[in-house]
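*Asks:* All chains, please: the whole structure from these sequences, using the hints.
In numbering that gives the first Met the number 0, the protein residues as written are 0 to 171.
Please keep in mind that the hints were generated in silico from the structure rather than gathered at the bench. Hints should not be assumed to be uniformly reliable.
[Stated by the list, open to error] DSBU-like mimics (lysine-lysine), calculated; alpha carbons at most 35 Å apart, straight line:
| id | residue 1 | residue 2 |
| --- | --- | --- |
| 1 | K161 | K16 |
| 2 | K37 | K16 |
| 3 | K161 | K37 |
[Claimed, not checked] Have a look at the derived ranges for each label pair, beta carbon to beta carbon:
| id | residue 1 | residue 2 | range |
| --- | --- | --- | --- |
| 4 | D151 | F94 | 40 to 46 Å |
| 5 | V64 | G90 | 29 to 35 Å |
| 6 | V56 | E34 | 14 to 20 Å |
| 7 | P169 | Q143 | 36 to 42 Å |
| 8 | P106 | T54 | 22 to 28 Å |
| 9 | D29 | G87 | 19 to 25 Å |
| 10 | P135 | G49 | 42 to 48 Å |
| 11 | G87 | D119 | 19 to 25 Å |
| 12 | L170 | I134 | 43 to 49 Å |
Glycine included, each C-beta is placed from N, C-alpha and C at the ideal position.
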Amino acid sequence: MTRRLNYSARFPLRTTKEVYALLSDRAYWDARMEEMRKYSPNEVVSLDAGDSGVTVVLEQVLPRVMLPDLAQSILRRDMVITRREVYGPFGPEVFGEYVAEIPAGPPGGLGGSMHLFATDTGCTLRITNIATVQIPFLGARLEQLMLVSLVDLLRAEAEFTKQWLDEHNPLS
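*Replies:* Next comes the structure, spelled out in structure tokens:
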């Protein structure tokens, strides 16, 4: 079975150009990963930004002891997640996608699409997450667990992004 969950990061009084510029900025990604290290080991593996778009590869390690009991019953070691985000070229709307590879994880997949667009009050980055776990009887529970944990991560990342914008590009 496959489960979907949408998450919207709203950036009041910010333009898509400001948010997209962050996605192209290595200093932003490095600082974001430094902030996320409060929770688990993280690093920027690579960043490629140019006229054709942005591709960033992140690696996150979730120690087994931090995983919920259900996940610990399946995984025998730390979970290493490699997340590859690809954003198209800048325009009035920006579309992208991500894939999270979990080699030692349960069979299935985690990924989704991203859409950055202007709103009447600023801009929004909407992320549609799709989780599939192919384990009989446990798959649906693990999918839901993955998506809920992912939304917590996305919320923390969005909060960091807002703070970064406030500090490095203050509103007049």
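*Asks:* Keeping to a limit of 35 Å between CA atoms, is the pair of K161 and K16 held or broken?
*Replies:* Satisfied, since the Cα-Cα distance of roughly 14 Å is no more than 35 Å.
*Asks:* Can you let me know if the beta-carbon spacing of D29 and G87 is within 19 to 25 Å?
*Replies:* holds, 23 Å
*Asks:* For D151 and F94, compare the CB-CB distance with the range 40 to 46 Å and indicate the outcome.
*Replies:* At 24 Å between Cβs, range violated.
*Asks:* So the hint says 22 to 28 Å: do the beta-carbon atoms of P106 and T54 match that?
*Replies:* holds, 26 Å
*Asks:* Holds or violated: are the alpha carbons of K37 and K16 at most 35 Å from each other?
*Replies:* Judged against 35 Å, a Cα distance of about 29 Å means the pair holds.
*Asks:* Holds or violated: 43 to 49 Å for the Cβ distance of L170 and I134?
*Replies:* The hint (43 to 49 Å, Cβ to Cβ) holds, given that L170 and I134 are roughly 48 Å apart.
*Asks:* Would you say the C-beta atoms of V64 and G90 sit inside 29 to 35 Å of each other?
*Replies:* Because 44 Å falls outside the window, the suggested range is violated.
*Asks:* Does 19 to 25 Å hold as the CB distance between G87 and D119, or does it fail?
*Replies:* holds, 23 Å
*Asks:* Could you check the hint for me, namely that P169 and Q143 are 36 to 42 Å apart, CB to CB?
*Replies:* Given a distance of about 39 Å, which is inside 36 to 42 Å, the answer is holds.
*Asks:* Just tell me: holds or violated, for the beta carbon distance of V56 and E34 against 14 to 20 Å?
*Replies:* holds, 18 Å
*Asks:* Could you say whether the range 42 to 48 Å given as a hint is met by the Cβ separation of P135 and G49?
*Replies:* holds, 45 Å
*Asks:* Within a Cα-Cα threshold of 35 Å, do K161 and K37 meet the stated pairing?
*Replies:* holds, 18 Å
Against the hints set out earlier in the document, violations occur for numbers 4, 5.
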